[in-house]
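J.: What follows is each chain in one-letter form.
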Amino acid sequence: MSIEMMTLLFFGTLLLFLVLGLPLAFVLGGVSVIFLYFTWGPDAFYLVASQMWGTMESFTLVAIPLFVFMAMVLERTGVANDLYRMMHLWWGGLRGGLAIGTLGICAIFAAMCGVSGAAVVAMGTIALPSMLERGYDKNIALGCINTGGGWGILIPPSILMILYSLITGVSVGKMFAAGVLPGVLLMVLVSAYIIIRCYFQPELAPALPKEERGTWPEKLRALKAVILPILIVVMVLGSIIGGITTPTEAAAVGVLGALISAIVYKKFSWQMLHEASLRTFKLTGMIMWILFAAHAFSAAYQGMGAQALIEGLMTGIPGGPWGIIIAMMLIVFLLGMVLDPVGIMLITLPVFMPIVTSLGFDPVWFGILFVINMEIGYMTPPFGFNLFYLKGVAPPSITMKDIYGSVIPFVAIEIVGLALIMVFPKIATYLPDALF
Amino acid sequence: MRVVHAFIKGVTRLNDGIGRWISYLIFAMFVFLLLEVFNRYFLESPTVWTNELTQLLFGVYTVMSGGYVMAHREHVNVDLLHSHLPPRVRAGVDIFTSIIFFLFMAALLYFGGSMAWESFASRETSYSAWNPAIWPVKMAIPIATFLLLLQGIAKLFEDIAIAINHPSTADSSSTTVPSSTTGDRS
Amino acid sequence: ADTIKWKVQSHWPSSSSSYQDSLVRLKKIIEERTDGRLQLDLFEDGALFKAKETFNAVGRGIVQMGTISPAYAQDKMSLAGIASGLPFAFRNVWEAAYFHKNLGFEDMLREEAAKHGVYYSTDKVYPTEMVIKEPVNSWEDFTKLKIRSSGAMQKFLTEAGAAASYLPGGELYPALSSGVVDGAHWGAAQGASSMGLYEVAKHHVKPALNIAGTDAFIVNQKALDKLPEDIRKVVIDALDEQFWFRTNEYQYQEQIALAKAMEEHGVKVNTLPEDVQARLAKAAQKTWHEEAKRSDNAAKAVQQLRTFLTDLGYL
Ligand code: NA
Ligand code: NA
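Chains as they are written, first to last, in this note's numbering: chain A, 1 to 436; chain B, 1001 to 1186; chain C, 2001 to 2315.
Hints are supplied without guarantee of correctness; some may be wrong.
The calculated label-pair distances, taken between Cβ atoms and stated as ranges, are [stated by the list, open to error]: (1) Arg2091(C) x Leu359(A): 44 to 50 Å; (2) Met1001(B) x Leu16(A): 28 to 34 Å; (3) Arg2110(C) x Thr357(A): 38 to 44 Å; (4) Gly2313(C) x Ile241(A): 48 to 54 Å; (5) Lys426(A) x Arg1123(B): 56 to 62 Å; (6) Thr357(A) x Ser1114(B): 40 to 46 Å; (7) Tyr265(A) x Gly1010(B): 37 to 43 Å; (8) Arg1073(B) x Ile241(A): 37 to 43 Å; (9) Asp2311(C) x Gly41(A): 48 to 54 Å; (10) Val2024(C) x Ser1083(B): 48 to 54 Å; (11) Leu359(A) x Val2024(C): 18 to 24 Å.
To be clear, the hints were calculated from the coordinates, so they are not data collected in a lab.
Every value quoted in this text rests on a predicted model; they were computed, and no experiment measured them.
Each residue gets a CB set at the ideal place from its N, CA and C atoms; glycine is no exception.
One chain only, chain A, in its complex shape (with noise of 0.2 Å):
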């Protein structure tokens, strides 16, 4: 059988059984294994277990179980909840304040962290709720969470930039100078259309009524509330930068800046500790054995023969050097609809970068272009790990249809980001440019 069919097979299988609500881990494992005993033998099955074994041993991860139990100490605390009232009673007035407040936590917890599990998770234990219970529209709470929380791997540091810079050989140290930029770019942009979105559609974001915004002093009482957050802040980025810890042992300092603030606020207890290590590890189960699995799924879609698939589709685009890029581009997109982004990149950039360099382009650029494309895949159905993360820490009144739904124009908007570093490469390259 041809790989072109067996893709549509292999895919095509995992859509029925996601859709029959076998849940996610489950129908990743169950298809690869299918998918190998055909293509493969019974014995490689072992590949499901040792790839298993693997993404256990990948010491970046531990980052993920400690910034998840961060972000639950920091719930139970109340110390969210504040930041959102004291959020509220300062752009009271502006529509959408909240979401573009949230935006902002995300780009701080993209630069604390290089994997984008753990944003999505805190952000929507944190600030989903606190948007809801003060009106925001489900589709703008729940799509600038998805959209802010892919962030963790455009802005320094990135895991997936690492990764990139193995593959392909370009250095890290620019991937991460070229990743600023186009962060600040994405979060304008978004910022741009939920303003503009809520300024047309107030009942989306409905501003704090006049009298319920407080005055003054009330106003200058609530902003203790940032004082703890910050602190945290620069606990962690203050220990990144100045070479205290390496990313993954920063989220620690996390955990203990959040602890400090228990203690601060008075709600440390052996009960709100025992009740946030219960919350972290079903989270970090529930993400964990997605990722498994999905490991697995890409080593056996491999294993039939993907790259061979994407060397056939590189021959014969037309549209010259830049036709060459959109459809590499559009590829990449596709893929990431169904597969992970490690998966993606073990597949395609072997592919691509050789025809990208021999095409004159910058491959930092590129790297950028694909890097926000790896973004985009975390939020596009049917499979994008922040879709189901954030399903996993919503309130059960959220479906998956309704995370699907708003992540729509969210995604648009990645793609006119995504335009505009393709046509203005600056954008990318200015500071690793500057700096190296």
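Position chains B and C with the ligands against the provided structure of chain A, taking the given hints into account.
T.: Same frame as chain A, but now just chains B and C with the ligands:
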């Protein structure tokens, strides 16, 4: 039927109980990472064991979560169609899709077991500077898979009971832990 | 005639020079000499199996061939520790090559691998060298270093008096850049430059920490036996030639990479002072001694090494 009901309850309790203990590993990971930072930065003498031990604990922590997460029905799925089905139809669909689940579990149990056994037979160590035994962590794969498999069987029994309309076994509290005891948001 | 397809799991990412120069080269030679009757499907680092799992996968015959660092097969081969490099043993690459091929070390490795159904063939011998942020001019400078290391080398550096810690490859660049560590070894000049380390650490340390057969091919014995006689001979001959060709070529590439790093990033070579070298060589004896204790085979290999180095006038 009473035996089945007892089995479902027992498995769910087992997974919940084990999960509660394993969940505390987060404190150990937190402490060891901070300890390493402290030793390296302030004492200028990094240890050979903290980061590696953290990583091994992380492996156990994540893989052992499978059964616990399932006992709490927290493995996320797509509910586009699923949640709108009448309970008996949904149970039927779940019985059908469980084939995929059991295939995954069987592959993991057999080959995870084989991998762990090989590791145990050679008393495999990591050959890092610290060089701890890693076979116990590999052993966690088949153990965790077995626990998850049990929970899957419990769920299958429950679905069958719903499908054939046998309410006492299908008592919905039997495979989901009541949220009041878990400290979870309800 | 039927074409035979082998899956080959590499431990090199495709950006590594060895992926092209060792693996793709071997693929081309084998496919050319067998008129395409044996084809190699290459998979880069981690695509099907992680580097540490590749020996198991090849032994089980799930993939027919792989590349590894012998350090990943230590639980299967008692000589793997010696193969992946005793510190401060050889001073020149040719000595390591001679020890492997002319003094029978490679045969000993093959015997151990054969017990697991694996045919073992070293790709090349080459040095492991360190890059650091500040030069070492005295023993005191050395003991102040925080070095990113791994495995036996981490133990050796710690015992020698530096502060060596393990960080995964992905954390290496940020850690070196922000100063979490002051130095690291990742192969030698080519490895350091592939990881971008010269951007943040400008001193390349000589002499090498070790010189060893750190890259190797492994082939499933059953798959090899199943090949028609003439194809099997092509594979085995190609692997044998590969060792000499790549060992030599790699030295050339190392020098080019170092020259380029000096030109483009202002990297300087930091030759360790005599007394530092002497103290390190002395500390290395403990590591050798420990490796020798691992098995009778290991004891024999270390003894042969001592004799060889004594003959050369180094001990
Ligand atoms: Na980040
Ligand atoms: Na997606």
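J.: So, for every hint listed, does it hold in this structure?
T.: Evaluation of the provided hints:
For Arg2091(C) and Leu359(A), the hinted distance range of 44 to 50 Å is satisfied, since their beta carbons lie about 45 Å from each other. Judged by the Cβ atoms, the range 28 to 34 Å given for Met1001(B) and Leu16(A) holds: they are separated by roughly 33 Å. A hinted range of 38 to 44 Å for the beta carbons of Arg2110(C) and Thr357(A) is consistent with their spacing of about 39 Å. Checked against the hint of 48 to 54 Å, the C-beta distance between Gly2313(C) and Ile241(A) comes to roughly 50 Å, which is consistent with it.
Separated by about 57 Å at the C-beta atoms, Lys426(A) and Arg1123(B) satisfy the suggested range of 56 to 62 Å. In this structure the supplied range 40 to 46 Å holds for Thr357(A) paired with Ser1114(B), their Cβ-Cβ distance being about 43 Å. Between Tyr265(A) and Gly1010(B), the C-beta spacing of about 40 Å keeps the proposed range 37 to 43 Å intact. The hinted range of 37 to 43 Å is satisfied by Arg1073(B) and Ile241(A), whose Cβ atoms lie roughly 41 Å apart.
About 51 Å separates the C-beta atoms of Asp2311(C) and Gly41(A), a value consistent with the hinted range of 48 to 54 Å. Roughly 51 Å separates the CB atoms of Val2024(C) and Ser1083(B), a value that falls within the hinted 48 to 54 Å. Between Leu359(A) and Val2024(C) the CB atoms are about 21 Å apart, so this pair conforms to the stated range of 18 to 24 Å.
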